[in-house]
Amino acid sequence: MQISVTISRFNPDTDTSPRMEPWNVQVEDGARVLNVLERIHDMDPTLLFRSSCRAGQCGSCAVKMNGEPVLACTEEALDGMVIEPLDLPVIGDLMVDLVPGINDIPRIHPSECGTNPTQEDVLRIKPLRDCIECLSCVSVCPAMKVTEFLGPTSMRSQMRIALDPREPGNRIREALEQGLFTCTSCNRCWRVCPKNIETPGKAIEKLREIANREGLTLPRHQEVAELVRTTGRSVESGKHVFLDLVDEVIEPFGDVKREVGFFVGCMFNARLPERAMDMLEVMRHAGIRVIIPKDQVCCGSPLIRTGQTSIINALMEKNIRVFQDRGITTVMTMCAGCGATLKNDYETPFEVKDVSEILTETGLPPLKLLQTTATYHDPCHLMNGQQITKQPREILVQAVERFIEMPAMCCGSGGGVRSGLPDEAAALGEMRRTAIRKTGADVVVTICPFCEYHIQEHSDKPVKNLMTILVEALGEKPTELS
Amino acid sequence: MQDQEIIRSHVLVIGSGGAGVRAAIEASNAGTCVLISKTIVGKGGCTIMAEGGYNAVMSEADTISDHYADTMKGGAYLNDPELVRVLTEEAPARMNDLISWGGVFDITDTCTICQRPFGGQCFPRTCYAGDRTGHEIMATLMEQLSNSNVRIFHEISAFDLIVSQGRIVGAFGLDRKGKMYTFLADATVLASGGGTRVYDISTNSSGGNGDGYAMGWRAGAELIDMEQVQFHPTGAVYPWDARGRLVTEAVRGEGGVLKNSNGERFMSRYDPDRMELSTRDVVARACATEIQEGRGTIHGGVWLDVSHLPAKRIEERLPVMLEQFLKYGVDIRTQPMEVGPTAHHIMGGLRITPFCQTTLPGLFACGEVTGGVHGANRLGGNALADTQVFGRRAGAFAGSEPAREIQFPEDQADSAKKMLEKFLAGDASPGTVKREIQRIMWDGAGIFRSKSTLEETRAALDALSKKNLKADSPSGFNECCTVRNMIDTARLIVTGAFLRDESRGAHVRTDIVQDWDAQVSPFGHTILTRTGATIERRKS
Ligand SMILES: Cc1cc2nc3c(=O)[nH]c(=O)nc-3n(C[C@H](O)[C@H](O)[C@H](O)COP(=O)(O)OP(=O)(O)OC[C@H]3O[C@@H](n4cnc5c(N)ncnc54)[C@H](O)[C@@H]3O)c2cc1C
Ligand code: SF4
Ligand code: SF4
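Line order of the protein sequences matches chains S and G. With this note's numbering, the residue at position 447 of the first sequence is 447, and numbering never jumps. With the second sequence counted from 1, adding 1000 to any position gets you this note's numbering.
Same shape as in the complex, but just chain G (with noise of 0.2 Å):
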């Protein structure tokens, strides 16, 4: 084992995203702070990628309840009303944090902010650069982190939390050449990200494999609703190594139609009023089923198409879009784009309050790795609003935590380390079992799920969480470490299946007939902790 290092500050922040970056930024002005990340800072995750938008009521014609209720309906009543209030109502000012730290996006000509109409809102609400709105906003929060004096860690992995009377006061974390380093902190931000990456199609970044539910669960924190993972209706189907690559949702807001191969408009079939923006949950299973039931085209999708558009709406509102499929020779100006569902977000993650503290004292988190605020249905563009909101509530609440004495913790660093060391002489491929994590999640705990699926899933999980992974050498032991959180991210997304008897968003279970409602479900959240697992029940 080669030395390590170790790093104080007064708040830690692991993960640069949307959320992350913006936790910093705001604990940057309490005291010291420290930023990691599995990859340079600023390029990796998911909020990068995001397209279509944010979305926050800036309009006098629209209101806050409204965004309220759309949420909360769209989740089906499973997300906690508190958070989706705090989301709702910040969401505004933290767009405008980003419009005054230098933001690009588009205005109309009374300079005031584009929005776009996305599924299930009443409002046109979804703000928007073009279809790189992500990119737009990383973009401004680097630069607002160049300014500031937060101190940072390109390509540093956190592998586990650590615990010290029953607080956190910190992580380990690894180097690319397997390095370790001790991350000692009076408070520490989870701001890691999703990971649907545990699923073989997925819209994901690499990096996107629930490093922080595991990490967090591990830890002793309750984690809530992890079955709930929303599948996005549109991912590509082809080539075979793009399946699962996001298409915008702002294809379907700018326009586009579904159809199956026989050419028919299928989502009359399947909600008529809203049709193609309708929530993510509806249009998945319906393309789902389309594909099943045999009316899907050669390579396994449904036809989306935007060439009705004129080519210049195309051209200014989806730039992306049509660069990305030009490049698979695909002129999405005159051809259908061929899509199919692909898994895209987890609702569920560590339980937080409004303060952004999870049940482990000294641990904030926020962003995706976070559950309660999207239920159990995310709405396109509130995923980054949430980035914003929670992530600013993050690094404020963790920068006011009190200083205070950390002793380093030997016991926990020489286990980490034999656990490291246990690699070196493992004979299980890394990249094998991955693949075979995100083949069994895809076939056992898809879009349908059953309880005998989600058996055998089990079974299977628990098969390759024995096996003992290898690295060949030091520099192996992130991508170990990386499995070994996608096991246990996977674990939790399927005890949580198992104990929701209902469907409920984007949880759909076959097996099971129920006679209620969403709003009336006599189910609250699926809490997951290292002790136990268990469903709330409502009170009627």
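Here chain S stands alone, though its shape is the one from the complex (with noise of 0.2 Å):
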């Protein structure tokens, strides 16, 4: 078959920067990105990539195809593709250089006074265990774009060690300085893993578990803790309170086609409430009729990612009984944190379901399209956390008249940074600015209350929840609260 593909061809000995040359090849039927390179190779034997074993195994092919790292060597060529080197430095071409982050990788050092692993132990390494150093991870990392962070295969070799009886003690105060709370959680390492490695999940926040049984954890995330414990909820009340404010059900204006109950969090609970009850107009006027428990309490997210985790189990009981009570079978979030804790971090009895997810499942009321370009900011905790991508884009395009994609990253509020390190979180708003400004576009919609909080501290243009902009182009005025 006929493949056409687009190139990255860099040479930095002659070029100041690289340019994407097309191809256009034959290849046989199933071939691999990588059987592509190697006919390209046949007629340039210029073009520079690496390859060795062909089978997954040995992490020296990692290039982008359309932006997401793959494998060369397993990933299905597709027509019209486009082919770049990872976001590391350039050698040449497709090529990395690979050896300063692998260099980098934290070792175990065992010790004489250190005891075979269990079965149990082996069970957990595992896991940690499958890397290949492909460093596809350490290439879209955030918080190593703007901190000293070692990154996230660091981390994940770290928590082995960890794990590990053979080296007994622990260098979690090592980990610390490596960048241990720098992690903004946003679980891109784990979706461009080829090996599937959840490190936020299994690695820094267990690290960051144990940094807390050390005492180690930072003053602003334990001041949240001990909201939670003695408030149920991770942010203080402000003027208005989301279930103060509405009824526990709350009926649609026409035939009840679905029924959900509403996981306010505490961000749309306390802080924005305005969005939430945005939200509940987006619901009648679309014939859901969304149940609204006012026992809930905080999910927990904040205090899984940070490490303290003890009082969890009794968040996560009190939150699922709430639910189950009422016999709701389908709760539905709107915090993409939320959703991800509920999703990745529970084990429901019950079916969880992002907003957007909701509607495009459900159907939209009629819009009417708003006169405006729209840019969309994909929060981490949806993108990464929840793989939705689609949804929110093709509710987006039913509301505004021009939309304008930009690349997704995380813009630094999640994972304790913001309250922990603001420099970081700031420093990565900045970034956002920055792609905000290149689009063009008059306002950025995202869904999360933790992104739209922050970009809109470092955006020029208006950060609008996708609630606010359906409410507005269902014709009406978006919620204010005085």
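Watch out, some of these pointers could steer you wrong.
[As the list claims (entries may be wrong)] Here are some of the chain S residues that sit facing chain G, going by a computed Cβ distance under 10 Å: (1) Glu28; (2) Ala31; (3) Ser51; (4) Gly92; (5) Val99; (6) Ile105; (7) Thr147.
Rather than coming from a laboratory, the hints here were simulated on the basis of the structure. From the three backbone atoms N, C-alpha and C, an ideal C-beta is built for every residue, glycine too.
Both chains are sitting in their own frames, so use the hints and assemble them into the complex.
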């Protein structure tokens, strides 16, 4: 079959910036990206790229295909694909400098007084051991772009060391110096990992738990934990509190097409209740009955992300009970962080769906296109945490006249970074400012309250919740609480 | 020609697979050690790809003498008995080294290492880490290497050994851009791995081109049994570009069954006792025969099926296989795999003593580049043990060589440079020549051989060797050198195959009728040197 492909070419000795080179090549059915590169290499032997095992086991051949890191030897080639090097220092064309990143990874120092791992230890270590040191995760990590963070695979290795009794004691202070608390929990590293290693949840948060046991949790994070412990909420109440403003059951205007329970989350409850009110307005028009148990509490995300898990079980049990008791089978979240937590950290007897999933499944009410150019910021906990990218776009394009894509990147507000390391959060926020400017959009749309709040501080353009946009497209005025 | 660099060390190790890294770790105890590798160190070669496991006697119920007997029998008694004794005796201690360095192998609930059955063995002796055993071994070795003071040169390929007064004193290397390096050392360890990429269908990594055999042979070392090429019975056959990719023996170890297109479990006709867990030579020939006789699948393979096993077992024990096939749209929990024979391992190689000395003073060798350990057919799981046992020995004995004065080899450096520069004036594309070698070797020197196919292959290789390989710029030197090595390696295989007038182990001559069993064969090793080739005759 014939494939057209665009390859990024760059010779640091002669070029100032990469140029994109189009090729048309003949390949066999089922060809991988690597096979396409090899065909091109036959015609142009100067094309630089690496490969060795050709079986996804050596981690030599990672490249970006249409913007996403992949292993060239296992990824199926697509017609029209664009192949670029990973976002690491480029040696030439598609070849990047992997050695410094590999040398950075902490290694175990087994000691005479250690003991061999038990079967249980091995089972816990194994998922962290599959790493092929391809550095895909390192190439995408936002924290590494603005801090001295050693990176996801280094934290993966630190956790593996921590679990291994052959090296007794722990190196938690070393991990802290290497930037343990700079990780924003964006989960991008997990999503690009060819071995599907869940570094944020299985390594970074677990290391933060160890840090917590050693009394090394950041003071700001401790304050949040204290707040949850005493109030059940991670955000102090402002002037208006959503749960105090609304009835338990919100009926739609017409027929009831569907019924969902609503998990509001601390941010929408206490800091941005207007957005949740906007959502209810959309639901009324969309024919969806919303049930809002008033005794729900914080989902626990701010504690899990920062390794303070001692009261988590109580929160989880309570939240599950309040929905289960009311016979609710679908719980809707609007906050991306709560949604990811309910989906990934909880074992719920009900299904959990993001508001954008609910709306695309049930259908939007009639809308009038807003005369504006909008771009969309992917909240990490939606994109990486829940793998939802399509639905919000599908909704947005029905509400605005022009939609412009913006490359996704963490805004810096997650993982306790905004409270714990505000400089890092601001640096990442500023990177969003640049990206937003580049789009030329009039408005930035997102769903996550953390992103909205944070990006607004780093954007010349207004940042709006997707629900607010929908209210406007319904021809109504967004909620304002004085 | 660009400026060249000279790097002097006590020990030089060429190759960063299991054998090379193990050797470097050991040698660094004795003095300065330099490790060079064609790839980023730790990423190249076949060790990292090894899936199934590592053979060692780790259980009270098993014995070294059984491991020895299985290995000799599997090797059709062509193995060097002394090397097999060392392999089987030391494999457990080397596994324990890996464990003490942090290796994460599967273990039982009583904290003993898990072992699975592999073909040709009377005891489940194969230690493993899921089906990524080689990756686990490399990860462990790389951790240990980073704790050592070995000086590492990534992405430098050796292209010729340096001989001075009959002694090996180092090697010439090339970096990616074609810059030449001269590595001088009191002792050199060749650990450059195998070379079945000289065949069209192969399990080996891109670097498995036989550089070491060719360099050793050109420098004057003695090689043995190069005709003994193992064809693994189960390689992928589809899609085209994935053909040859290994489907690990662990699939059969875990209970996978082989069927032809009529749904028959055909192994009952070839080895009713051992069935799918017969030795690789037997299973590979069985598969090849089924396919040749028209009982193959559409893509020219046979079926390998594990769908009768519990899904959970497949997920736990064969995760890499599951993941690899899913990438190609086959869910092995519910669907059979399509497989066929693929060139896997070269049992022959540089002749070594139990101290890993080659026939050239100053040159040591370990791992797949050596011959004698596996005889005429390697048992699955013995190669990883080989890398650790002989890797350690090569490093230790190379390290114990005395320091010497070494002169810069002006003349050889000049002729090396001239050879490289000649590529700039060449006219034959190395890529085309390479594909040609792979095709003619598969057709003429594959699973079944005869005098006439070998003659044709030899003539075709002779013709290819006369071509003037072409490099557009110095960065193309490497590829030219690789192809030059492939031609030499292919010729060594064919010469050995000619000399061995018998079918033995992996080597099958369809034109020869014989009335002896391997154990009483009149033949010993084939011996190949630059000055001549012969086959040993055994005294009856
Ligand atoms: C897919 C696959 C699965 C396998 N599974 C098993 C198994 O389960 N159990 C088992 O026992 N055996 C297995 N084997 C066989 C076993 O893996 C190899 O025989 C063994 O690992 C070889 O180790 P080595 O160190 O000699 O060479 P390799 O691991 O191949 O390393 C060779 C090294 O030399 C370098 N090199 C090559 N040429 C040059 C040069 N010119 N200059 C510098 N460096 C050079 C390479 O870059 C590489 O670093 C398997 C083999 C394959 C291909
Ligand atoms: S979750 Fe995000 S910030 Fe944290 S290590 Fe992974 S990529 Fe980096
Ligand atoms: S953790 Fe995953 S993405 Fe990161 S280096 Fe390892 S294999 Fe690659």
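Structure versus earlier hints - violations, ascending order: 7
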